[in-house]
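> For reference, the chains in residue letters:
Protein chains: 4
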Amino acid sequence: MKRIGVFTSGGDAPGMNACIRAVVRGAVYHGIEVYGIRRGYNGMINGEMSKMDSHSVSNIVQRGGTILKSARSKEFMTPEGRKKAYANLMDLGIEGLVAIGGNGTFTGAMIFGNEYGIPTVGAPGTIDNDLYGTDYTIGFDTAVNTALDAIDRIRDTASSHDRIFFIEVMGRDSGYIAVQSGIAGGAELVMVPEVLTPISEVVETLKQGWSRSKSSSIIIVAEGDEEGSAQEVADKIKRQVSEDADIRVTTLGHTQRGGPPSAYDRILASRLGLGALEGLMAGQKNVMAGIINNDLVYTPFEDTIRLPKPINEDLLRMVKILSV
Amino acid sequence: MKRIGVFTSGGDAPGMNACIRAVVRGAVYHGIEVYGIRRGYNGMINGEMSKMDSHSVSNIVQRGGTILKSARSKEFMTPEGRKKAYANLMDLGIEGLVAIGGNGTFTGAMIFGNEYGIPTVGAPGTIDNDLYGTDYTIGFDTAVNTALDAIDRIRDTASSHDRIFFIEVMGRDSGYIAVQSGIAGGAELVMVPEVLTPISEVVETLKQGWSRSKSSSIIIVAEGDEEGSAQEVADKIKRQVSEDADIRVTTLGHTQRGGPPSAYDRILASRLGLGALEGLMAGQKNVMAGIINNDLVYTPFEDTIRLPKPINEDLLRMVKILSV
Amino acid sequence: MKRIGVFTSGGDAPGMNACIRAVVRGAVYHGIEVYGIRRGYNGMINGEMSKMDSHSVSNIVQRGGTILKSARSKEFMTPEGRKKAYANLMDLGIEGLVAIGGNGTFTGAMIFGNEYGIPTVGAPGTIDNDLYGTDYTIGFDTAVNTALDAIDRIRDTASSHDRIFFIEVMGRDSGYIAVQSGIAGGAELVMVPEVLTPISEVVETLKQGWSRSKSSSIIIVAEGDEEGSAQEVADKIKRQVSEDADIRVTTLGHTQRGGPPSAYDRILASRLGLGALEGLMAGQKNVMAGIINNDLVYTPFEDTIRLPKPINEDLLRMVKILSV
Amino acid sequence: MKRIGVFTSGGDAPGMNACIRAVVRGAVYHGIEVYGIRRGYNGMINGEMSKMDSHSVSNIVQRGGTILKSARSKEFMTPEGRKKAYANLMDLGIEGLVAIGGNGTFTGAMIFGNEYGIPTVGAPGTIDNDLYGTDYTIGFDTAVNTALDAIDRIRDTASSHDRIFFIEVMGRDSGYIAVQSGIAGGAELVMVPEVLTPISEVVETLKQGWSRSKSSSIIIVAEGDEEGSAQEVADKIKRQVSEDADIRVTTLGHTQRGGPPSAYDRILASRLGLGALEGLMAGQKNVMAGIINNDLVYTPFEDTIRLPKPINEDLLRMVKILSV
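Residue numbers (UniProt numbering), protein chains in the order written: chain A, 1 to 324; chain B, 1 to 324; chain C, 1 to 324; chain D, 1 to 324.
One or more hints might be untrue.
Treat identical chains as interchangeable: a pair holds within one or across any two.
Subject to a maximum C-alpha distance of 30 Å in a straight line, what follows is the list of computed BS3-like cross-link-like pairs (lysine-lysine) [to be verified]:
{"id": "1", "residue 1": "Lys51", "residue 2": "Lys238"}
{"id": "2", "residue 1": "Lys236", "residue 2": "Lys51"}
{"id": "3", "residue 1": "Lys2", "residue 2": "Lys285"}
{"id": "4", "residue 1": "Lys207", "residue 2": "Lys2"}
{"id": "5", "residue 1": "Lys214", "residue 2": "Lys2"}
{"id": "6", "residue 1": "Lys309", "residue 2": "Lys207"}
{"id": "7", "residue 1": "Lys309", "residue 2": "Lys84"}
{"id": "8", "residue 1": "Lys83", "residue 2": "Lys207"}
{"id": "9", "residue 1": "Lys214", "residue 2": "Lys74"}
{"id": "10", "residue 1": "Lys207", "residue 2": "Lys74"}
{"id": "11", "residue 1": "Lys238", "residue 2": "Lys214"}
{"id": "12", "residue 1": "Lys51", "residue 2": "Lys320"}
{"id": "13", "residue 1": "Lys238", "residue 2": "Lys74"}
{"id": "14", "residue 1": "Lys309", "residue 2": "Lys83"}
Since the hints were derived computationally from the structure, they do not count as laboratory data.
Between the sequences and the hints, there should be enough to build the whole structure, so can you do that?
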């Protein structure tokens, strides 16, 4: 393999730049040419590709976002779009791809690979940590720490005013950010998509807290919780307890996506970027590089897309014990 | 004056603890006894007061929130409530008060002072910086930096995805947080309660940006803007430009109230706490201590409550120039 | 087991408070009484122990340091000291101990356990990550992120001035902090106690960088490196390259020990605190609770003390590739 | 004036990029061409100058360091050097300069202006805040907050171990960083170049603290203190009190120079950059733009270089009261 392309796709995540850097520097190290493709599959279709060298990735390891920009591409979902993309890659002599993104990204790569035979190795870049085939995804640790910083700030106010706060964190299908930021933030309860926490249980928890003179409480709600958004949950609670209860809601939103990546994310991203590149060089294709139990593993896109990643029930149990 | 009380009231603000510390340590230094009153006027009414010494305020200068807790008190708005409060203060022999809070706090203190003659000196503690009689209020600088940190994170995502972001910051009647975080965050536009920015101007700004190939934009909306919340503004814009425009909204919310105070806020809080105490000792009453042009000044509560604090028009002009 | 004690000993580490909290809340949850012992073994000897309940550990999960304070105890190294300690524990009816600390702490506990039969389960609290029996120790992730934040700041200056910086991080016998902060910080080279990097290799790396027009370089030196402190290494280099080379040295020092623990450290500390407690309840003794490959394991103190924890050679290889 | 140049010189400071951005965007706004000169006076001599437009300064407002790089130039101190520099400026038709830096920078500009008549307006960029003619310099607020963050971390350890810490902060001739970070960090004592604090007074303060059962203490030493470095002061103290005293030393070093600028610094830098530009346009020369009591003022280089900036004695008094 003499020439490869690298791109980021889907929602951006802190650490994507560290991953791009590892792919590029690794390629330079191994004597392979590397092209950066801008705006994900859109750039492949529109020919937004340019050669990168060691300097192209200087001073980016600490930056959030992605210097290659990211996008979701409707055109790549059509055969015509993929045809154009393939033609562009062939023009440049690109023989393989490293795709940094999530399941949407890998689905595109799998279809593309099946149609045109171009090998892709993926690196899991998404703050949600909802990908089978790796213990953690790039961006997750930073997102949890960003959420945690916000929770710490809100706790200052909650305990100064004896208030109850419902804080909504990201995670449409996955409670990972909620559980980890909840444990670390000393939350009284964590509501996640994977396990239903009925409103009655929330009320019960709050009442138990009051009976033990807990004056303030923090409840973390994952975006995708079945009982609704943090605001909806808070409204339901208010109706059941009392209008006197000083209940507030904060939705952390997009702040969780950005910021300088944590040490963990930079190292993970570097390992996975290098792992994806070296996998591609060794003949891997249509697989995602992941780290499981500290070992580099390759999982077929088919599995990362299809298989669910269960949440750690031990951690949910821990929330209960620690909020006693 | 041999014995005084100190309390925090209204919304909490980072630096309130540094201010309490300065009052207590200052009192110890000057040989005056000091009582901490918990939960604002409620604690005065319910007798939640206890003696503080130098150790009571150890290791709090760096903490957000307020160790004395804060609350809004309906009972203190009644003559009966104030009567109880006065009786409790008399029981303990408290001869003067330092009140840390905003206009609601000072209004209560003024009425109380007029009725019972007990002198109060205020220290301006509110993140909104909406108090006449001081250049900056305690908590403002921290709130701006917290908002800025969020804006920086969101810019990572905005520029990775070529998106437009509307970010709502606190400030029901005041655009101070919006203007300062907007300039510091490199925002394209800042919408504040003091000056109407019509939707048409927002649209115009966005279009000008696109014509200069600005691919991402950040617009800061103060909570109290006349065009509505950030979500409402974004909805209006979307209707006028295009449904294709990738527009997102984030409301920063209560995270802006908490967190370790910045150096500026700790120093300001220390100066104002000490200034309030020493003013009280020197016979001041019904005034707020403030810093104007680096000098300590005392302004009658009447004025801090009644007079508006105009926003700096130069800064608004600067937003326009810097987003060229 | 009806009553236990918990203490922190040796150098403090961020997350110790989260660990104390998990032990205390876990004990309350399981209906066990728990005493907090202050200042490590000294407090055991001097009888500085008091009962803790759920409220005792409120609002500490986010704080660096240790509310139980820590110390190294010379007296506990004597039979007389341990005798006093045992008598004090017996007086209170304490049947088991959770010890949060490093190898010094565990050595003391092992001797004490052998002499008096009192069971201790340890939780690894040390920023150095130099303990066999766990993938990571409490405080390590925070220390790496603190070092990384400093490296990021210094890089701003290094690249503004085309300078070479030698940055010394903690790690007397272990290069873990150096390697992780070095990879994450984009360092050109990392010098660790486990593997000798001769001065000639440092010079070679710098020269290669210059030949590729790298204008600034960052080299991380672990405290315990054989070539000496960062200052000594820098002096040697200066003699070999040129007095014109703009070389600076910064020693990060004790800032690496403090600060609010990262999410990772709070969760790890919570798991290990609870794991130590539940191990003790289940009859474990003279073992340290650790997390290996995401599973809770107990390793005899004997092994944690005796066995070396090798550094990950893959990571050292990665430093080279990524600085190409 | 149709074409100007902008450069940074001397030690870098956080906010320099925000200042460059304000100069460039301001120039675009006013229809003036602007050239960026790299590496300070060296780039003027070597012809490292290139045209900047609005995009050149996108996404830099939040970055530490300076994108134009900085250096100290020996060659510019010679008439030959300045001659070359002038010739290069003339070749490009540059009619005026904005110089961002400190006294060394302004001294060069003054001599250059006197020799060749080219007008320069300065913007004060230095973390030390040691420039007459402005209340604060660009970078100072960030440096204080960086020092403060380190002090907060060290306090965790100091109070966990009942230790005394001597922390050295930057400030060769000026105690501003020391005083502000000392007050904000709750230090027991602050030692500054402007006012001698004899060792005996340090000892006295420590002893008084012990007599009031203060178990830990933090003493801030400015780099340029007459009693020596923090290490030297600590050694002297140790000899006078006791070898048992658990005294540690940390020198914060270059971390104080970098990092994302605070809100305050970004706004100050924007105002001063714009102020320098608009001053230049209005015919000012050989002056520094500054902000005094919130007003923009221009002070002749002669005065900024010659006149001392006294330290605020009130703040020193406050350290004493607050550490009671």
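> Now look at each hint and say whether the structure bears it out.
Hint check results:
1. Lys51 to Lys238: Neither. Shortest intra-copy (57 Å) and inter-copy (36 Å) distances fail the 30 Å Cα cut-off.
2. Lys236 to Lys51: Neither. Shortest intra-copy (55 Å) and inter-copy (39 Å) distances fail the 30 Å Cα cut-off.
3. Lys2 to Lys285: Within. Shortest intra-copy distance 16 Å satisfies the 30 Å Cα cut-off; inter-copy 58 Å does not.
4. Lys207 to Lys2: Answer is between; shortest inter-copy Cα gap is 28 Å, intra-copy 65 Å.
5. Lys214 to Lys2: between (63 Å within a copy, 25 Å between copies)
6. Lys309 to Lys207: neither (33 Å within a copy, 43 Å between copies)
7. Lys309 to Lys84: Result: close neither inside a copy nor across copies, 34 Å intra and 52 Å inter.
8. Lys83 to Lys207: Intra 61 Å, inter 33 Å, cutoff 30 Å: neither.
9. Lys214 to Lys74: Only across copies: Lys214 and Lys74 sit 23 Å apart there, 51 Å inside one copy, limit 30 Å.
10. Lys207 to Lys74: between (49 Å within a copy, 24 Å between copies)
11. Lys238 to Lys214: within (18 Å within a copy, 44 Å between copies)
12. Lys51 to Lys320: Result: close only across copies, 22 Å inter versus 52 Å intra.
13. Lys238 to Lys74: between (42 Å within a copy, 21 Å between copies)
14. Lys309 to Lys83: neither (33 Å within a copy, 52 Å between copies)
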